[in-house]
Amino acid sequence: MDLSDLTIFRAVVREGGITRAAEHLNRVQSNVTTRIRQLEEDLQVPLFIREGKRLHLAPAGKILLGYADRLLALAEEAQSAIRDPHPRGVFRLGSMESTAAVRLPALLSEYGARYPKVQLELRTGTPTELSTSLLNGELDAALVAEPVAEARFESLPAFVEKTIIVTGADFPDINLDDGVPKTMLVFENGCPHRRLLEAWYASRGDMPERIVELTSYHAMLGCVIAGMGAALLPESVLCTFPEAKRLVRHPLPEGMNRLKTFLIWRKDATSPNVEALADIIAKDPQNSLAEAS
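One point on numbering: in full-length UniProt numbering, the residue at position 90 of the sequence shown is 90, and numbering is uninterrupted.
Read the hints as simulated data drawn from the structure, not as lab findings.
Don't take every hint at face value.
As a list, the in silico EDC-like pairs of lysine to aspartate or glutamate whose alpha-carbon atoms are at most 16 Å apart [unchecked claim]:
| hint | residue 1 | residue 2 |
| --- | --- | --- |
| 1 | K182 | D170 |
| 2 | K267 | E97 |
| 3 | K283 | E146 |
| 4 | K162 | E254 |
| 5 | K62 | E40 |
| 6 | K162 | E235 |
| 7 | K182 | E209 |
| 8 | K182 | E213 |
| 9 | K260 | E243 |
| 10 | K260 | E138 |
These figures come from a predicted structure and were not determined experimentally.
Given these sequences and hints, build the entire structure.
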């Protein structure tokens, strides 16, 4: 049983017989008759009660007609959705946690206002995790830090984050050779800010004695205030932290003090939903690279 079988079956019911159905469908009568008999054989039940040349719906035919109407309507809806150039349906977006906390509220609010037929779903993770999810078809687009695998993804520059190291107020000046923090507060492997912090240690010819992995920036910053160690993160995150005044900000050297974020999607899987988000990012100066230049 396929959609064409259901189309023929419904036409026979609506037109009141094989002859009119064949005319309506622009088919020969024998073809319509054969397809109806094949459908009955596939379902192993009679769909019509035959009285001479007249056909009446059998009980099984009445049941099938309801399903046929729903299935054919759903098929028409699917075709319309595929051909519709306007954003609609579920949009599965991935993001790094820092981007989700600081950049996405205003961005997604605008997106939702412009495209109310889109149902947004958000997943956070590291750039590696998000890229893998994109390739597996689990996400439609993601906001990740550089570098981007250009061979696999289309990309659009979205933000430039100023990166800093933060410590508690009583921590020694880490610009001095003897002030390197011995404890790093980090996210799991794959976090771009962890990678930058490790590069900063390496540039000073040092390495941490202890690494503490945490799962949120606010937890990390709370531990920083408590004197547990240092953390590297986008400076924009501090605006969401109520105790930011108790933190000391330490600038990073050129080459380590900026981190670009890109909107990426699979090269073979663009969609109106992704294109709409890319358009907002590209045209809104508050969501563009110009903000941090």
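Now for the hints, and whether the structure bears them out:
Taking the CA atoms of K182 and D170, the gap is about 14 Å. The hint holds against a cut of 16 Å. As the CA atoms of K267 and E97 are separated by approximately 24 Å, the hinted pair breaks the 16 Å bound. At roughly 21 Å between alpha-carbon atoms, K283 and E146 are farther apart than 16 Å, so this suggested pair is violated. Note on K162 and E254: the hinted pairing holds, with a Cα-Cα distance of about 11 Å set against a maximum of 16 Å.
For a cut-off of 16 Å, the pair hint linking K62 to E40 stands: about 13 Å separates their Cα positions. Distance hint between K162 and E235 is fulfilled; the C-alpha atoms sit about 6 Å from each other, no more than 16 Å. A distance of roughly 5 Å separates the Cα atoms of K182 and E209; the hinted pair therefore holds under the 16 Å criterion. Taken as a hint, the K182 and E213 pair is honoured in the structure, with Cα atoms around 14 Å apart against an allowance of 16 Å.
Proximity of K260 to E243 is assessed by CA-CA distance (about 26 Å); at most 16 Å being required, the pair is judged violated. For a cut-off of 16 Å, the pair hint linking K260 to E138 is broken: about 24 Å separates their Cα positions.
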